[in-house]
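> What follows is the residue order along each chain.
Number of protein chains: 2
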Amino acid sequence: MVNYPGGIRKSPAVKFDNAQSHPKSSSKTSPINFAGRGMSFEADINATNDYYLTHGLAVVHKKPTPVQIVHVEYPKRSRAKITEAYFREASTTDYSGVYKGHYLDFEAKETKQKLSFPLKNFHPHQIEHMKAVLAQGAIAFVLLHFSLLDETYYFPASNLAAFYDVHKGLKSLPISQIRSEGQLISNQQIPRIPYLDIINQQLGLS
Amino acid sequence: MVNYPGGIRKSPAVKFDNAQSHPKSSSKTSPINFAGRGMSFEADINATNDYYLTHGLAVVHKKPTPVQIVHVEYPKRSRAKITEAYFREASTTDYSGVYKGHYLDFEAKETKQKLSFPLKNFHPHQIEHMKAVLAQGAIAFVLLHFSLLDETYYFPASNLAAFYDVHKGLKSLPISQIRSEGQLISNQQIPRIPYLDIINQQLGLS
Numbered sequence: 009m010v011n012y013p014g015g016i017r018k019s020p021a022v023k024f025d026n027a028q029s030h031p032k033s034s035s036k037t038s039p040i041n042f043a044g045r046g047m048s049f050e051a052d053i054n055a056t057n058d059y060y061l062t063h064g065l066a067v068v069h070k071k072p073t074p075v076q077i078v079h080v081e082y083p084k085r086s087r088a089k090i091t092e093a094y095f096r097e098a099s100t101t102d103y104s105g106v107y108k109g110h111y112l113d114f115e116a117k118e119t120k121q122k123l124s125f126p127l128k129n130f131h132p133h134q135i136e137h138m139k140a141v142l143a144q145g146a147i148a149f150v151l152l153h154f155s156l157l158d159e160t161y162y163f164p165a166s167n168l169a170a171f172y173d174v175h176k177g178l179k180s181l182p183i184s185q186i187r188s189e190g191q192l193i194s195n196q197q198i199p200r201i202p203y204l205d206i207i208n209q210q211l212g213l214s
Numbered sequence: 009m010v011n012y013p014g015g016i017r018k019s020p021a022v023k024f025d026n027a028q029s030h031p032k033s034s035s036k037t038s039p040i041n042f043a044g045r046g047m048s049f050e051a052d053i054n055a056t057n058d059y060y061l062t063h064g065l066a067v068v069h070k071k072p073t074p075v076q077i078v079h080v081e082y083p084k085r086s087r088a089k090i091t092e093a094y095f096r097e098a099s100t101t102d103y104s105g106v107y108k109g110h111y112l113d114f115e116a117k118e119t120k121q122k123l124s125f126p127l128k129n130f131h132p133h134q135i136e137h138m139k140a141v142l143a144q145g146a147i148a149f150v151l152l153h154f155s156l157l158d159e160t161y162y163f164p165a166s167n168l169a170a171f172y173d174v175h176k177g178l179k180s181l182p183i184s185q186i187r188s189e190g191q192l193i194s195n196q197q198i199p200r201i202p203y204l205d206i207i208n209q210q211l212g213l214s
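Chains as they are written, first to last, in the working numbering: chain A, 9 to 214; chain B, 9 to 214.
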């Protein structure tokens with residue numbers, strides 16, 4: 009559920025602080041920034057969504073991390089403090105929103121592999137969720153980022169679900185298939201991951 | 009996010025799982041259950057969404073409660089434990105999903121008032137969010153529950169935002185206006201709060 013951009017684990021505060029996580033840790037853990045942009049993949053997506061929101065182009069938000077709260081203290085003259093809680097597995101995808109009336113739903117994942125994308129990154133119930141929203145006419149997809157190649161692909165959720173079902177989620181999705189059935193998203197400065205361009209193509213708007 | 013069908017509440021974890029405050033205190037403060045259903049309003053909505061999901065009618069989820077995580081412990085042979093965290097204010101509405109390709113977005117609130125609905129229940133950024141999704145063609149609304157009347161209304165987000173702006177969020181929305189600009193949702197056994205019926209009317213589907 010929680011993405012750990014670049015597999016980076018730093019201070020929990022930053023990491024889980026917000027749906028919009030901050031990429032400042034990347035320079036600490038790795039002196040070489042393969043992405044060449046100094047931002048994590050998740051931060052790139054959040055920046056893109058922020059751009060779309062502030063420019064009135066789309067409203068897409070990352071859902072908060074699901075947390076099971078066990079104990080809360082209510083100190084006097086202070087705000088409620090959660091003192092025991094656990095991460096829960098997400099039952100849906102991370103991102104959803106609206107674009108020109110259409111419901112958008114996607115998950116964003118990255119890998120350090122170069123030849124294929126491991127499907128263990130996706131939980132079975134996330135695949136089920138994708139199928140459910142597809143059945144309701146959603147525009148559903150995944151953004152797959154190959155960090156060492158610095159390539160990000162738009163891949164339809166329908167294709168992902170089909171592949172997942174055939175291989176019971178055990179096999180990795182070959183990059184050749186991602187390239188043939190998906191679309192490379194050209195990285196930009198602003199917005200960083202312009203996935204709406206792909207959706208525009210699909211909707212015949214560009 | 010998590011549905012609690014039947015309003016079952018056992019562990020303390022359940023209590024804070026959702027952003028909405030729970031009305032279960034009402035049974036404490038008053039021995040008479042005016043709603044006559046033994047379920048909280050939020051549980052009713054979650055049960056409704058669960059019904060819609062399992063029957064393939066719509067996919068609508070409640071977003072997880074936004075939590076700011078400050079400290080996490082990683083005990084050996086045990087799952088990560090959050091030991092310090094705080095509730096954050098939601099920047100969006102609680103519910104979103106897809107119905108026949110349409111993006112649905114709503115907030116659900118209840119009051120013990122009988123004559124009007126206090127708008128302090130809504131944060132300014134939630135109103136902003138409603139405007140933003142409306143501009144993208146969303147079906148956006150609020151479900152307003154008058155617990156002592158046992159009446160639930162579908163009220164368009166556009167009307168709510170207009171009233172909110174005029175009165176700067178300070179005034180309560182009179183029930184007369186809710187009745188004239190919104191629609192009463194007939195309570196049922198299953199699903200409990202059939203809000204899709206109203207949306208069908210609006211879409212000309214019923």
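Honestly, the hints are just simulated from the structure, not real lab data.
Please read these numbers as outputs of a predicted model, since none were measured by experiment.
One should not assume that every hint holds.
No copy labels: a pair is met if it fits in one copy or bridges any two.
[Stated by the list, open to error] As a list, the in silico SDA-like pairs of lysine to any residue whose alpha-carbon atoms are at most 20 Å apart:
#1 176 x 194
#2 139 x 63
#3 139 x 198
#4 139 x 65
#5 179 x 58
#6 108 x 142
#7 89 x 136
> Hint by hint, where does the structure go against what was stated? Just the numbers, ascending.
1, 3, 5, 7
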